[in-house]
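Participant: Please model the entire structure based on the sequences and the hints provided.
Order-wise, the sequence lines are chains A and B.
When the letters of the first sequence are read in order and numbered with my numbering, they come out as residues 1311 to 1980.
When the letters of the second sequence are read in order and numbered with my numbering, they come out as residues 434 to 943.
FYI, nobody ran anything at the bench for these hints, they're computed from the structure.
A hint or two may mislead.
[To be verified] Ranges of calculated distance between the beta carbons of each label pair, as one might list FRET restraints:
{"#": "1", "chain 1": "B", "residue 1": "E902", "chain 2": "A", "residue 2": "M1913", "range": "36 to 42 Å"}
{"#": "2", "chain 1": "B", "residue 1": "P707", "chain 2": "A", "residue 2": "N1439", "range": "19 to 25 Å"}
{"#": "3", "chain 1": "A", "residue 1": "R1900", "chain 2": "B", "residue 2": "K632", "range": "35 to 41 Å"}
{"#": "4", "chain 1": "B", "residue 1": "K632", "chain 2": "A", "residue 2": "R1878", "range": "41 to 47 Å"}
{"#": "5", "chain 1": "A", "residue 1": "H1845", "chain 2": "B", "residue 2": "E454", "range": "41 to 47 Å"}
{"#": "6", "chain 1": "A", "residue 1": "D1956", "chain 2": "B", "residue 2": "A577", "range": "45 to 51 Å"}
{"#": "7", "chain 1": "A", "residue 1": "E1863", "chain 2": "B", "residue 2": "T823", "range": "39 to 45 Å"}
{"#": "8", "chain 1": "B", "residue 1": "E885", "chain 2": "A", "residue 2": "R1878", "range": "39 to 45 Å"}
{"#": "9", "chain 1": "A", "residue 1": "D1956", "chain 2": "B", "residue 2": "L926", "range": "53 to 59 Å"}
{"#": "10", "chain 1": "B", "residue 1": "K632", "chain 2": "A", "residue 2": "D1956", "range": "34 to 40 Å"}
{"#": "11", "chain 1": "A", "residue 1": "R1878", "chain 2": "B", "residue 2": "R445", "range": "37 to 43 Å"}
{"#": "12", "chain 1": "A", "residue 1": "P1893", "chain 2": "B", "residue 2": "R501", "range": "41 to 47 Å"}
[To be verified] Away from chain B, derived, C-beta distances all over 10 Å, residues of chain A:
{"#": "13", "residue": "K1381"}
{"#": "14", "residue": "A1404"}
{"#": "15", "residue": "I1427"}
{"#": "16", "residue": "E1449"}
{"#": "17", "residue": "D1483"}
{"#": "18", "residue": "R1499"}
{"#": "19", "residue": "D1577"}
{"#": "20", "residue": "Y1760"}
{"#": "21", "residue": "P1820"}
{"#": "22", "residue": "G1826"}
{"#": "23", "residue": "M1844"}
{"#": "24", "residue": "R1864"}
On a predicted model such as this, the values are computed, not experimentally measured, just so you know.
Don't be surprised by glycine CBs; every beta carbon is placed ideally from N, CA and C.
The residues making up each chain are set out below.
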Amino acid sequence: MFSKILIANRGEIACRVIKTARRMGIATVAVFSDADAKSLHVAVADEAVHIGGSASADSYLSIERILDACKRTGAEAVHPGYGFLSERAAFCEALEAEGIAFIGPAPKAIHVMGDKIESKRFASTAGVNVVPGSEGTVEDADHAHAIAAGIGYPVMIKASAGGGGKGMRVAYDETEVRDGFERARSEARSSFGDERVFIEKFVLEPRHIEIQVLADTHGNVIHLGERECSIQRRNQKVVEEAPSPFLDAKTRAEMGAQAVALAKAVDYRSAGTVEFIVDRDRDFYFLEMNTRLQVEHPVTELVTGVDLVEQMIRVANGEELSIAQGDIRANGWAVESRVYAEDPFRGFLPSIGRLTRYRPPEEGPRGDAFVRNDTGVFEGAEISRFYDPMIAKLCTWAGTREAAIDAMGEALDSFVIDGINHNIPFLAALMRHPRWREGRLTTAFIPEEYPEGFVAPEADEDEATVIAIVALTAELVRKDRLDRFNDRVAPHPGQLRRDWVVRVGDRYLPLAVEGGTPGSPLDLTIGREDGERMHVATQWRPGEAVWRGRIGERAVAAQLRPVPNGLRIDWQGLSANVRVYTPRLAELDRLMPEKAASDTSRMLLCPMPGLLVSLAVEEGQEIKAGETLAVVEAMKMENVLKAERDVTIEKVLAAPGDSLAVDAVIMEFA
Amino acid sequence: MRDVLEELDERRSEARLGGGETRIAAQHERGKLTARERIEALLDEGSFEEFDMFVTHRGTDFGMADKRYYGDGVVTGWGTVNGRTVFVFAKDFTVFGGSLSEAHAEKIQKVQDMALRNRAPIIGLYDAGGARIQEGVAALGGYAEVFQRNVLASGVIPQISVIMGPCAGGDVYSPAMTDFIFMVRDTSYMFVTGPDVVKTVTNETVTSEELGGARVHTTKSSIADGAYDNDLEALLQMRRLIDLLPQSNTGALPEIECFQSVKQDDPSLDTLVPKNANTPYDARELIEKTADEGDFFEIQAAFAQNIVVGLGRMEGRTVGFVANQPMVLAGVLDSDASRKAARFVRFCDCFSIPIVTFVDVPGFLPGTAQEQGGLIKHGAKLLFAYGEATVPKVTVITRKAFGGAYDVMASKHLRGDINYAWPTAQIAVMGAKGAVEIIFRKDVGDADRIAEHTKMYEDRFLSPFVAAERGYIDEVIMPRSTRRRVARGLRMLRGKELENPWKKHDNIPL
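Facilitator: Shown next as structure tokens:
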């Protein structure tokens, strides 16, 4: 076995590979760029080598520098992770030329599968289903119709040089195919200066389902079942699961067999993934083969119990696979949520900055379920603009899909992140989305369900009550503490106040407390106006960001953040500002006017004399509160000016390089 | 006998209606609560004891003899906030627009006297039209009596003013002498002379909001210490503030149970100061990660944002925090920041509230505007305030502590009790570039030599160790241990006894 390996990657995947290597008794070498000097993967590795500047091209994509790091540290093998150099045949060749093992496939497989068109031809020859379509370009409308009739409607007409949806037409019958052909051709000509088009079967209700394969250098190839990755945004996977709720045993076996056949045909070794698109009739077609470890590999590990990284290392060491196809059994269900630094409410745009709070849920068994969190960050780390904005891969496993999803919901509820925007509100909302829970997915799930962009769900009466009770118990604990001042003159009330009105968003919910004694932990009954009574128990204490406890039949984990005179509570993708009032204060609260956003801040003024370094916005752009508008340098320091509320930029009145006086107008808002 | 009891009830009901239901409705229409509703929201439920409910004015001129309302435009008394005594007066806008008569002023004086005698805070809720002109000089006299009591109570009991409607003319000076002024956005304004007089005298056209709204006073004039969206929010936040304050200058610090261990390190602080010395970070994050449960009541958050001041707790006991804010103007000290922090430091010292100072300051702000605006004297205020303060003072230098600003920010030399520095601290007369160009003036043309000198200067002086060698820094600490170290320091200092020489009073450079 290797005594030392180098991981040519960063972030969570570097940490994940190091974990397995350490368990196998192999020493690890991390590499890092300038921006990553204080990163987690550097801290957890046995050795770390600085390989250059923050831009990937100067560090993680530099074959030369990584080779140099291998030589300096004496690493015998390199695990490339995913992304960066993981699918560069040249990297693999360069390593092997130096006698360093590449923990991945041979250059040939990388090469063949790296080309979209070539890989399709190859797969077709290997007996793998590919999307039926025209072999070459389409001559004229008659030809188009003939091809379409051959493969069956509906079909998609695409520009050969196309991209971005331009020159694309879907046709359901002959008239449409003739018309669509002409239009697609003219669009192709005007958009790309190349009028060639081709025709492909249009896949209805497509789902993304992929097969994990594992091959050694002794001719053994097995598959480890499928993963479904249909929940995507901007063609990037967000949530994955294993197995797929859609496949039947027959389709699964067929897909597995084709994936194995393809791997064999390309002399594959190591772990790889054959991606398919599956239509509503469970017909499946080859998309591509990824010749590396996938981001979403943990769900396969959780249901099969196989450590894929370990297998990759063993294969690279020339060992024969110790598992046969018959040993592979999918046990239970696993779901993975990719936690990204991005704003789900604004088209999932990336967000960067300092993680002022990062408290993931605890890993390990949770009741009958299991939680795993692959991460490359820590509290106080910086999410930089140089790399992928993924913070963590949160996975849950349980006996059934429903239980795994519930466990995911709870794990997300207790995942605390502050300092940047993140997609947990979306993920948490998804876990309770009926269509997701039923497994009725397509790759267009997000645009289909949120055509206007993601919006947080609204709490119904029962959910609002749960949120109200969380806030009420927090107030009871807080109040008890304040009732025990050393210099109080009024006698201590000695018992809990009974009647309360909790305002959740704009709802006022009267609640009655029965039983219980002041202080923490709390164990009491809370009655609703309609007479329903719920037993409530919690150990929560002031200062804890996550409230855990039971409310009626529910186990609840909710996040609390202070807002003036109240709390913001996040639970299951719901978010509400909550205030706990006595009935009288609630009456007074109802008298308070709705505040319209003040228009006194229609302009961004320069807060100090300084130099305008950069503008982050353009005229007409819509900006959310907290986002950067401009950077002004003063006292040799950069001051970031941020939007205090949601605004639209009407006019920009200064340019980078301008010297600005105090209160100089930098821009005006609409 | 029965009749007499009923009469009391009737009279009370009449008094509680103030200026009548129509005026109460008008008050609500404006988005404001009535004086009695405000007191209800401020105090513990049912704890209000009213005084002088049946007082009426004694004026007879201009037909006033026929117009009398119980209470005469102000509701006064005492009650409790989380069980602790506070005195309160609330101007009743429904009665003569809350204007001040001699009798009205006497009611306020009575609670002022009681608050001082019984050593408990006093809170004034303002919503009034100024002097009752019909009373002439009697009203002016009434004002001055109130002012005099404000002065005598200053530094003995906490005095808080909340502006919840108009506050003009004579009414502004009593709040101006209290410890804190808070305002309600859009419904309150404060000025000595209103838009009409301004127009007449200076021919300037201005709205009340532009002249003295919450925005002006929280961001420009610094008259107000904070602003809230509505009456209820303001009053509930006043409860939060009172929970942090001792009853008087001889009262004990309020203490509540603290659930957050101080033993827990916070490794995220190790990465708070960025590698690049010119990159800012948020001083509030440091305060919130040091204070109990991240609970921080900020004072003057919108003014002179290059310094952050406010109250929090350490191990359940109130602490005042002062921190240079690198996010704004690099945390430089200018006139406004110096005045803001000086007043806060003096408030803490009055009421025996320990002060924790976080230092990251590149110096005083240069420029004609600052020098001509009196930077020397304003900066001296903060220097003076720290120098005279006898409360426990714990200081942590996180990054820059340059020049005179190093001295000012609760340095060892100003009787800092415990002075810590993070390993990232740079304690020096100035930054490397400026220093090298002065020390090695003859080499200024020679880039290589300057670079060499700069490196030498940085290595030797831009660290906490030169100061630590001299004992100016008691210890260099790990950032992650800040909460524990500060808390232990404050524990040790609980028994601190230090007195300044006897004097009638000092002569701070006002």
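Participant: If a hint holds in the structure, say so; if it doesn't, say that too.
Facilitator: Hints and how they fare:
1. Look at B/E902 against A/M1913: about 50 Å separates their beta carbons, and that is not inside 36 to 42 Å.
2. At about 53 Å, the beta-carbon gap between B/P707 and A/N1439 misses the expected band of 19 to 25 Å.
3. For the hinted restraint 35 to 41 Å between A/R1900 and B/K632, the CB-CB distance of approximately 38 Å keeps it satisfied.
4. For the pair B/K632 and A/R1878, the supplied restraint of 41 to 47 Å holds, since their beta-carbon distance comes to about 45 Å.
5. Between A/H1845 and B/E454 the Cβ separation comes to about 45 Å, which falls inside the hinted range of 41 to 47 Å.
6. At roughly 49 Å, the beta carbons of A/D1956 and B/A577 sit within the given window of 45 to 51 Å.
7. Restraint check, A/E1863 to B/T823: a C-beta distance of roughly 58 Å breaks the suggested window 39 to 45 Å.
8. Take B/E885 and A/R1878: their Cβ atoms lie about 54 Å apart, and the range 39 to 45 Å is violated.
9. About 46 Å separates the C-beta atoms of A/D1956 and B/L926, a value inconsistent with the hinted range of 53 to 59 Å.
10. Roughly 36 Å separates the CB atoms of B/K632 and A/D1956, a value that falls within the hinted 34 to 40 Å.
11. At roughly 42 Å, the beta carbons of A/R1878 and B/R445 sit within the given window of 37 to 43 Å.
12. The hint said 41 to 47 Å for the Cβ distance between A/P1893 and B/R501, and at roughly 34 Å that hint is violated.
13. A/K1381, annotated as away from the interface, keeps every beta carbon of chain B farther than 10 Å; the closest lies near 28 Å.
14. With a cut of 10 Å on Cβ distances, A/A1404 stays outside the contact zone with chain B, its closest approach being about 32 Å.
15. Every beta carbon of chain B lies more than 10 Å from that of A/I1427, the smallest distance being close to 46 Å; the non-interface claim holds.
16. With a closest Cβ-Cβ approach of about 61 Å to chain B, A/E1449 is found to remain outside the 10 Å limit, as its non-interface label requires.
17. Residue placement check: A/D1483 keeps its beta carbon more than 10 Å from all beta carbons of chain B (closest about 60 Å).
18. Taking the minimum C-beta to C-beta distance to chain B, about 51 Å, the non-interface status of A/R1499 holds against the 10 Å cut.
19. Remark: the non-interface label on A/D1577 is consistent with the geometry, its nearest Cβ contact in chain B lying 46 Å away (cut-off 10 Å).
20. Separation of A/Y1760 from chain B is adequate, the least Cβ-Cβ distance of about 31 Å exceeding the 10 Å criterion.
21. For A/P1820, the requirement that its beta carbon stay farther than 10 Å from each beta carbon of chain B is met, with the minimum near 16 Å.
22. With a least beta-carbon separation of about 18 Å from chain B, A/G1826 lies farther than 10 Å from that chain, consistent with its non-interface assignment.
23. Taking the minimum C-beta to C-beta distance to chain B, about 25 Å, the non-interface status of A/M1844 holds against the 10 Å cut.
24. No beta-carbon of chain B comes within 10 Å of the beta-carbon of A/R1864; the shortest separation is about 25 Å.
Figure legend: structure checked against the earlier numbered hints; hints not met, in rising order: 1, 2, 7, 8, 9 and 12.
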